[in-house]
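Engineer: Listed in order, the protein sequences are those of chains A and B. Using the working numbering, you'd call the opening residue of the first sequence number 1 and step up by one each time. Using the working numbering, you'd call the opening residue of the second sequence number 308 and step up by one each time.
Simulated from the structure, these hints should not be mistaken for lab results.
Listed next, the stretches of chain A that the computed footprint assigns to chain B, with coverage defined by at least 3 CB atoms under 8 Å from CB atoms of chain B:
{"hint": "1", "region": "26-39"}
{"hint": "2", "region": "47-53"}
{"hint": "3", "region": "81-88"}
{"hint": "4", "region": "160-171"}
{"hint": "5", "region": "262-273"}
For every residue, glycine included, the Cβ atom is placed at its ideal position computed from N, Cα and C.
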Amino acid sequence: MFAFIIRRLAVAIPTILVLVVLSYILMFAAPGGPFNAERPLPPNVLENIEARYGLDQPYWKQIYDYLVNIVFHFDFGPSFKYRDRTVSDIITQGFPVTLTYGFWSFVVAVIVGVSLGIAAAVKHNSILDYFAVGVSIGAQSLPNFVMAPVLVLVFTLWLGWLPGGGWNGGEWQFVVMPVIALSTSYMASIARITRSSMLEVLNAGFIRTARAKGLPMKRIIFRHALKPAILPVLSYLGPAFVMMITGSVIVDSYFSTGGIGQFFVNAAFNRDYSVMMGITILMGVLTIVFNLVVDLLYAWIDPKIRY
Amino acid sequence: MKLKTVLNASAATALVFAAGMAFADDHMVDGMTLSDNQTFTYQTIDDSPSIDPGLVEDVEGSAVVRDLFEGLMNQDAEGNPIPGVATSYDVSDDKLTYTFHLRDDAVWSDGEPVTASDFVYAWKRVANPETASPYAWYMELMSVENASSIIAGEAEADTLGVEATDDHTLVVHLSQPLPYFPEMVTHTTTFPVPEHVVEEVGASWMNPETFVGNGAYVLTEYTPQERMVRVKSDTYWDAENVHLTEVVRLVVNDENQALTRWQAGEIDKTETIPTGQYPSLSQEYPEQAVSVPQLCSYYYNFNLRDDAPEWAQDVRVRQALSLAVDRDIITENVLGAGQIPAYTFTPGATAGFEVPEVEAASMTQEERNEKAKALLEEAGYGSDNPLTVEILYNTSEAHKTIAIAISQMWKQTLGIETTLGNMEWQTFLEARGNGDFEVSRAGWCGDYNEASTFLDLMASSSGYNDAAYMNDEVDSLLAEAKTMEDPTENYTRIEEIVDEEAPVIPIYHYAAAFMLDDTIKGWPLDNVQQTWYSRQLYRVAEE
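Modelling step: build the complete structure from the supplied sequences, incorporating the hints.
Structural biologist: Structural data, given as structure tokens:
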């Protein structure tokens, strides 16, 4: 097990390296640059600015310097667009925001999604099943860019219960709507995966045996069926968790949370190379870490899996 | 000194006047009772790249800098320069040396006095290539001695033509006379920075924890891309006339979302109104939907480069395409927020600029269409030789709608097939800059309130001349205008030439449309540059 973890982490390093180099190449391949604007800067001024940010260097040198700074100084450099801030400033400010609403969205999506999925599978082809399937199809097909304005319309404008946006250091009123908007579609996917995998498990021989023994249904489900049924859900949850905690552009932009998702997309539009790279690396590392976590959970749940 | 006396006298008059009224205390302004709530919350679509006076580059960032810092001169509600940190100035006979006399009661928010050397430090910092300021060129534009060679890296930043002869006297040396120099020092790039703080703290000195300014407000909270709070400064020399105690700037990327939150009362002022919604909003909220003319022009460039399509070289085709654009439909039916149809390049709201009489402006659209058809036929295009044109614009709903409308007009009137090409912003800028287009969208806002800020784009040497338009007469008229006492005549002539040769299609002049809560008063609607200061504003009690 320990050797497995070490091996996985060892593979992670070249993976991240490839990610960095590929992202850099794509970035330079995109037309434009961080200092282009409707009003082009006078050539002298542009030269000074590019020199300040090392953009006058050859590409390989830029990538090399960037990697050296990260590896030896853990320095992701200054933002090219937001001149008063560094990439680390932006991540330390924006990431806790998306982490907060992403984490709660995850909790909500898992609890509601798994319960709905189990209920639907257990009461297969009943009203409850149709209801659960209906809800999850509805939630899946309702994109969050529609959901977000509707939520604001209802809770802010009509009912006046919740503020229409902002973050305010993460007070609960400001977290509610982002969580609803973000968790809905994940919740729907989780419900569907849970339902189908639960149905499969419930038809398996060992469940029939358990029933024949006369075990109560509750015990069968939680003691015997849930564990094997949850495995496919688990492999979905790893990447989903990373997606959630690194934020959603739609949520960040509609609810003006100041989260990292918005920074990421703006960085792409502004060609803010350093911010784009910083967040790419963050997402890459998180994806690798949580995939590893999922693998370890697999082994813990399923005795057939051993590393 | 004289000015100060006048100011004191007027303050005394105001006091006497106020004493005669029912509520003789400072809860009244202009005869209206102030609200107990003096917080003003406004929305901007994006965050500012920087709010450091030396680095600030966007309009909304400049508004923040004007609150947190104060320059030599301020603007009044009409945009005229009035004393700021400088109480008065003298000009030498050759108009090359300006001496500013600074007030002795101006202090930084940490209690240190604001001195002339803070200005010297700030100006040199802007010009210094190491600072890499995107507005370094402003020092060149102001013709400050040696600015150009410093930016080009040929001289030390220390040689910039600005000096502090004592704590309260700032002397500026110019390389050429500049009649509107005093107006130029109302610009945020010329604002002072506290040398003692910038040198000690370094690049992060604008963080709320270390921030020190000399403006009417201090920065107390700043979460990028979310919110910024500035609070009234007690150390500001004119603090007793500052009413708003707290100014909150919220970043809301989505215009519709901002409007909803304005309706919910969370925001007092929005930055914009979504395209096409102004007419209905102004009916629903007649007092609060505001639209004022702006110093900006929306236009299409023709590509006049040699490798561009042949038709673009033909002035008759360019004129025909321009005439066939029904500006009224675009301003009234597509946009409808008070935009002004444009037949010339410079907006009529520009100070000292008379919109010249051009033929197209006085014709009806039917007449324009007839003329356009005749011109196109003369140029040899028609059903047997059909013309196709490509319009390039950057991805945006509004640009798309306008491009569709114009392509329909060209199709109906002239039978021209138009293809629409949209590109993501940076890709678009590159394509347009490289001359990789037939017709391209463009927008231009004046840097200062004078026609040359627009007409300079028509100079063959201009880096912003995307059409690659070249005309020797225009070049010499522009060069001449720089030193003229009254260049109006030259500007009129340039507009006439541009109208004849049609390197661009002026489409409309912008209007700034926004929602403003009706308890907020003092917004400088008459300032065409929309230069506002929070200290001009106040909130009145609801009736």
